[in-house]
Structures are given as C-alpha cells and as structure tokens.
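Protein sequences, first through last, are from chains U and B.
The UniProt record's numbering puts the first residue of the first sequence at 1, with every later residue one more than the last.
The UniProt record's numbering puts the first residue of the second sequence at 1, with every later residue one more than the last.
Hints are supplied without guarantee of correctness; some may be wrong.
Here are the in silico distance ranges between beta carbons for each label pair [claimed, not checked]:
id : chain 1 : residue 1 : chain 2 : residue 2 : range
1  : U       : 187       : B       : 36        : 43 to 53 Å
2  : U       : 148       : B       : 123       : 31 to 41 Å
3  : U       : 280       : B       : 222       : 57 to 67 Å
4  : U       : 270       : B       : 157       : 49 to 59 Å
5  : B       : 33        : U       : 121       : 22 to 32 Å
6  : U       : 124       : B       : 215       : 36 to 46 Å
7  : B       : 138       : U       : 270       : 50 to 60 Å
8  : B       : 274       : U       : 148       : 19 to 29 Å
9  : B       : 215       : U       : 203       : 39 to 49 Å
10 : U       : 274       : B       : 138       : 40 to 50 Å
Chain B is nowhere near these chain U residues, computed Cβ spacing over 12 Å in every case [what the hints assert, rightly or not]:
id : residue
11 : 105
12 : 201
13 : 271
14 : 322
These are calculated hints, taken from the structure and not from any lab test.
Where a beta carbon is used, it is the ideal one built from N, C-alpha and C, also for glycine.
Residues per chain are reported as follows:
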Amino acid sequence: MSEPLLRVSGLTKHFPVRTGFRATGLVRAVDGLDFAVRPAETLGLVGESGCGKSTTGRLLVRLLEPTAGRIEFAGRDITHAGRRELRPLRQDLQIIFQDPYASLNPRHTVGRIVAMPLRVNGIDPPGGVRRRVQELLELVGLNPEHYNRYPHEFSGGQRQRVGIARALALRPKLIVADEPVSALDVSIQAQVVNLLRDLQRDLGLAFVFIAHDLAVVRHFCQRVAVMYLGRIVEIGDRADIYERPRHPYTRALLSAIPDATRLSPGGRIRLTGDVPTPLDPPSGCRFRTRCPKARDICATEEPALVPRDGSGQSVACHFPEPDGAGDLPGHDGAGDFPEPDGRDAAGTSGAEVTA
Amino acid sequence: MSLSPVEGVALAEIESTGDGPGGSRVVGRSPGQLAWARLRRDRTALVSAAMLVFFLLVALVVPLIEALYGIGPREQFQSRLDGFGMPLGYAGGVTGEHWFGLEPGLGRDIFIRMVHGLRTSLFIAIAAAVITAAIGVVLGTLAGYLGGWLDAVVNWVTDLTLAMPFLIIALALTPTIALRLYGQREEVPPTFQIGVLIAIFALFGWTSTARLVRGQVIALREREFVEAARASGAGLGHMLFRQLLPNLWAPILVSFSLAVPSYITSEAALSFIGVGLTDATPSFGRMIYRSLDYLQTDPAYVFFPGVTIFALVFAFNLFGDALRDALDPKSSR
C-alpha cells in the first residue's frame with residue numbers, strides 16, 4: 001500500500017460552553033480520531049446526527065482549529081498551519097458542502113463562483129480563467145454557457161454540481177464531501193453520487209465522504225469509518241463493515257436500514273434511549289449506555305480501536321462479534337442504491353473495489 | 001438577502017428570454033436586475049421616484065433656476081407689502097412674478113428661498129446619510145465578521161451612543177462649539193453650521209446601520225459559501241468585499257433611503273428650535289419657524305414650505321418601502 005495522503009491522529013475538537021464570561025462546560029464534539037486516507041481512496045464517515053462527522057470534515061480542511069491531535073497531509077503537519085502556510089495545500093484539499101442553497105453566493109454568477117478559488121489563490125490557468133471554468137462546468141455535467149447565470153436559476157442538483165466544480169477548480173488531491181447529497185431528493189442523489197464516483201475514478205481523487213445515509217456510503221466508499229459520540233467505533237473495508245460488522249453499534253446502525261424486500265420479524269436491533277450528551281460523555285465505552293452487550297468492564301475501561309486479524313478492520317469494543325457472525329438479518333450483498341442510468345449496475349456488489 | 005425557491009418564478013422568465021445577443025450566449029439575470037424589474041412594476045415606486053428625481057434636479061440646478069426666475073433669495077420687495085408688513089394681494093402675494101408669494105415682514109420671495117432651502121436640506125440629509133451608512137457598514141461588517149473583542153467594543157459603543165439624548169446634546173454642543181470657534185461677535189458662517197449639523201447626525205445616526213449590518217453579517221458568516229471561500233484560502237478583504245458586501249447592498253440601500261427623510265425632518269426640527277441653521281441660510285426649518293408667527297394672518301406662508309417638506313419626506317419614505325419590497329419580495333408588507 002502506498003503512503004497515506006492524509007493521516008489523522010488523536011484529532012480532538014472541544015467547544016467550550018460559556019455562560020457570560022465563565023466557561024461552564026465542554027462539548028466534546030470530536031474526541032480522539034485516528035484514521036488515514038490513501039491517494040485515490042474513498043473513506044466514508046458515517047454515524048447519526050451530532051456524532052461529530054461534520055466537525056471532523058471542517059477540521060480536516062481547517063475551517064475549525066483542532067483542540068488537540070495532529071493532521072498530516074502529504075507528509076506535512078497542517079494541524080496549526082496559518083493561512084499563508086496552508087495556501088499551497090489549499091489547492092490539494094477542498095470541501096463540498098451539504099446545502100447547495102447556502103453554499104453558493106446568491107450575488108455571484110456561476111462563473112464567478114467557480115473561478116473564486118483560482119482568483120483567491122492568484123492562479124491564471126493556461127487559456128484563461130473563463131476557459132478553465134467552462135471546462136469545469138462541462139466536467140460536472142453543466143452547460144458551459146451557463147457561465148453568466150446566477151445560482152437562483154438552478155435546481156438543487158445543478159447547484160451541487162456547481163459546488164463540485166468549485167471544489168475541483170484547484171485540481172485537489174483530496175475532497176472532503178460533507179453530506180453532499182443529503183439535501184437532494186433521491187433520484188438527484190444518485191446522479192450526483194455517480195458524478196462524484198466518475199470524477200474520483202477519472203481524476204484519481206481521494207474522498208472523505210461524510211454521510212448518514214448508509215446506502216450512499218456503501219455505493220461510494222471503499223473504506224468506512226463508523227462514528228459514535230465523537231469517536232470511531234469501527235473502521236474497515238466496505239465489505240467488512242457491511243457484511244461482517246463487529247461492533248454492536250455498527251450492527252444496530254446497519255439493521256436500521258429500511259428494507260422493503262425483506263421484513264424479517266425481530267431482525268432489527270432496537271437501541272433504547274438517546275445519544276448521551278457530548279457535554280458529559282459516559283465513562284469507559286461511550287456506547288455502553290445503549291449497548292445490549294454492556295458489562296462492568298465497559299464502564300471502567302475505554303476500549304481501544306484495535307485491528308483484528310490483519311484484514312484492515314478495526315473495532316473499538318470489549319466484546320466484538322466473532323468472525324463470521326456478521327449475517328445481519330435482512331441484508332445480503334445486493335446494492336441498496338438506485339442506479340438510474342444503469343451504467344454501474346454491476347458495480348454495487350463491492351466486486352470492483354480495487355484499492 | 002437570501003434567494004431561494006420563491007425566486008423560482010424568475011426561472012421561467014429567464015428560460016423564455018434565454019437567447020441573448022449573438023444567439024449563442026445564455027444571459028441570466030442577476031438578483032439586482034430582478035429587483036429592478038420588480039421595482040419598475042411597482043406604481044408607488046415609480047411615482048415616488050419621479051418626485052424624488054424632480055426634487056433632486058431642482059436642488060442640482062438652483063443657480064440656473066435663480067437666473068431664469070430673476071430673483072435672489074435675499075432680495076426684499078418691501079413695496080409689495082402693506083403697512084403692517086403683510087404681502088399685498090391674495091394667498092400671501094402670489095403673482096406671476098412671485099409664484100409662491102412673499103414673506104411677511106422682510107418681503108423676500110418664498111419660491112426662490114424654498115428652492116435654496118431644498119438644496120440645503122437635501123445636501124445635509126444625503127451627506128449625513130452617506131456618512132452614517134459608511135461608518136455603520138464598516139463597523140458592522142468588521143464587528144459581525146471578526147466577532148470577539150472588536151464586536152464587544154462596537155456593541156458597547158453602540159449602546160452608549162443610543163443611550164445619549166440626541167436633542168439635549170445637540171442643543172448643548174452646537175452653540176458651545178460655535179462660541180469656542182467664532183466668539184461672541186463674529187458671525188458664524190453657514191458652511192460651519194451645515195458641517196455641525198452633518199457631524200451631529202453622523203455621530204448619532206450610525207448605530208442603526210451598524211446594528212443592521214452586524215446582524216446580517218453574523219447570519220451570512222455561518223453560510224457555507226463564506227466557509228467555501230475560507231476553505232479556498234481567501235483573505236479578509238476578499239471575504240468582506242467580494243463575499244459579504246454584495247449580499248448587504250439591499251439592507252444598506254433600504255436603510256439609506258429611509259435615513260434621508262428622517263435627516264430632512266431632523267434638520268428642520270433642529271433649525272426650528274434654533275440649533276441648526278440661522279436665517280442667513282435658507283432652509284425649510286427656518287421658514288416654517290418664521291411662518292408660524294403668521295399662521296393666522298398669512299396661512300400661505302406656512303402652506304408652501306410645509307407641503308413641500310411633507311411631499312419630499314413622503315416620497316422618500318414611499319420609495320424606501322418600495323425598494324425594500326423589490327429587494328426582498330419575501331418580507332411581508
């Protein structure tokens with residue numbers, strides 16, 4: 001395997017809670033993440049709302065300042081790099097946002113929006129900015145003649161394509177996609193995800209793909225990390241996570257995917273209660289308050305994210321599922337994701353994972 | 001202002017007018033163009049805008065009007081007054097020569113004094129509005145975008161300014177400054193009086209714009225397009241002027257167009273209570289102040305400046321409202 005493009009170790013972000021001038025609490029949004037992304041690899045980051053996925057994404061592109069930990073990009077430590085130091089790296093590290101209605105400046109033309117990263121970084125591409133922008137618009141499947149139009153003239157899916165074109169303008173090596181399709185309706189989701197996958201293949205991009213939709217992640221990502229309350233509870237290849245999940249939370253999450261074709265009685269793992277507050281996470285294992293397998297040790301000792309049997313799958317649990325116990329009720333290897341254009345009909349089963 | 005699905009109406013319009021000059025380029029309409037189109041459909045806006053254009057034109061070509069009219073603002077026509085100093089003839093001495101009649105007492109021509117007063121009032125109001133808008137926008141964007149201690153300081157100063165009683169300070173400060181600079185006997189030049197009025201308005205008026213802009217910037221700061229620019233490495237200048245300011249024009253324009261009439265009335269009020277301009281400079285406030293003595297004997301003297309200032313302020317307010325509707329069609333009327 002090649003050197004990782006992005007290596008994150010012990011990444012932590014705490015938000016102080018203030019009443020008046022006194023700090024009265026600490027939201028542990030992200031609490032010690034370790035993972036790596038290799039060039040041209042797609043890592044999915046899944047978890048329920050409020051588990052720190054988006055915070056992680058914003059930390060990676062340095063929109064937020066990490067409280068602790070280390071972010072290395074292409075072998076350089078960028079954890080606390082300033083704006084000027086980051087400048088050359090900005091070109092390699094871009095972000096796509098969730099809400100296509102908020103992520104484009106309503107007063108700028110599409111051409112200006114896509115050209116913004118070029119202009120800000122003082123780049124004059126061969127053939128001129130306009131030419132490059134039109135190439136980018138074509139690349140993401142938009143009419144290059146729409147250069148002079150304004151965002152309000154586009155649909156949600158088209159807007160998200162504009163956002164993707166903007167992220168591609170600097171020819172990045174890694175794109176953080178922060179729930180890029182969750183604001184779109186399902187048929188448009190498929191188009192945008194397929195566009196991202198084509199771009200990933202053609203341009204050799206690496207992705208950190210943040211989503212709460214497990215089907216989309218399964219369709220798009222080669223590796224998957226499952227987050228719970230600011231920590232990674234399980235990370236591994238797509239096939240391992242989806243077919244042989246070993247952490248009880250991963251199993252519960254997967255069993256919650258609605259499946260119209262098979263409704264097996266009692267097959268769903270129901271978690272009781274809510275996610276505890278990140279202001280005061282539980283001692284030991286964070287999942288223990290809702291875990292069906294919790295014992296005394298779970299309250300006293302925090303399980304480390306340990307790799308098992310050399311498959312690249314790591315799980316943070318004192319009592320992981322044994323191998324081969326992964327046959328989740330109601331789930332086989334078939335794709336859960338609609339394929340409107342039929343182009344990738346064979347690609348969903350996980351057979352084309354080559355990385 | 002945010003633009004979202006409501007703007008979808010515009011989509012159809014654009015599709016139909018899709019082919020621009022040359023046939024190959026697709027021409028979109030900017031949010032500004034859409035607002036302009038909405039404004040042109042609004043009859044109130046058209047009428048008030050026409051009135052404003054008329055007033056502004058009159059104020060701009062005062063010397064020309066004076067030359068054509070043939071009467072200066074300080075010329076006295078005592079021969080046309082009766083023994084009590086009241087103008088001869090009907091309606092305060094309205095004739096073909098003196099369109100709005102003559103002042104009782106001094107016998108000056110009311111029309112040309114009003115034209116001059118319009119220029120004074122509009123100059124003071126627009127200058128004060130420009131200065132307050134500039135101060136408010138700069139402080140508001142910086143405080144809103146940077147936050148932290150700067151925001152705290154700006155907010156504190158805003159609160160302090162709002163807590164100061166405008167009238168009392170204006171009443172106390174203006175004569176003191178004039179006395180300090182010019183002494184007891186010297187005449188205070190009109191430019192100084194105008195400058196003092198503008199300074200007083202600027203000192204007290206920037207707070208509302210600053211608060212408005214600060215709020216807008218705080219709302220915009222969290223929007224993802226701002227973060228996208230930050231993620232691309234944009235500096236403070238780009239963030240403020242390229243990303244934020246284009247989204248602030250609408251509220252700034254509206255607050256500007258509503259600030260102008262309030263300064264016109266404030267100037268008249270201050271001149272009325274004797275803080276602002278003296279009689280040497282023609283202004284609406286002074287004219288109305290003088291005319292009140294003749295309310296019963298010569299009502300026409302109150303009528304002409306009163307109606308004009310009413311029409312001016314009314315037109316500005318209507319236009320400001322129409323502008324707000326055009327720029328932000330979602331806000332309820």
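For each hint, the structure was consulted:
no.: 1; hint: U:187 <-> B:36: 43 to 53 Å; in the structure: violated (36 Å)
no.: 2; hint: U:148 <-> B:123: 31 to 41 Å; in the structure: holds (39 Å)
no.: 3; hint: U:280 <-> B:222: 57 to 67 Å; in the structure: violated (26 Å)
no.: 4; hint: U:270 <-> B:157: 49 to 59 Å; in the structure: holds (56 Å)
no.: 5; hint: B:33 <-> U:121: 22 to 32 Å; in the structure: holds (30 Å)
no.: 6; hint: U:124 <-> B:215: 36 to 46 Å; in the structure: holds (38 Å)
no.: 7; hint: B:138 <-> U:270: 50 to 60 Å; in the structure: holds (57 Å)
no.: 8; hint: B:274 <-> U:148: 19 to 29 Å; in the structure: violated (57 Å)
no.: 9; hint: B:215 <-> U:203: 39 to 49 Å; in the structure: holds (41 Å)
no.: 10; hint: U:274 <-> B:138: 40 to 50 Å; in the structure: holds (46 Å)
no.: 11; hint: 105; in the structure: violated (4 Å)
no.: 12; hint: 201; in the structure: holds (24 Å)
no.: 13; hint: 271; in the structure: holds (31 Å)
no.: 14; hint: 322; in the structure: holds (43 Å)
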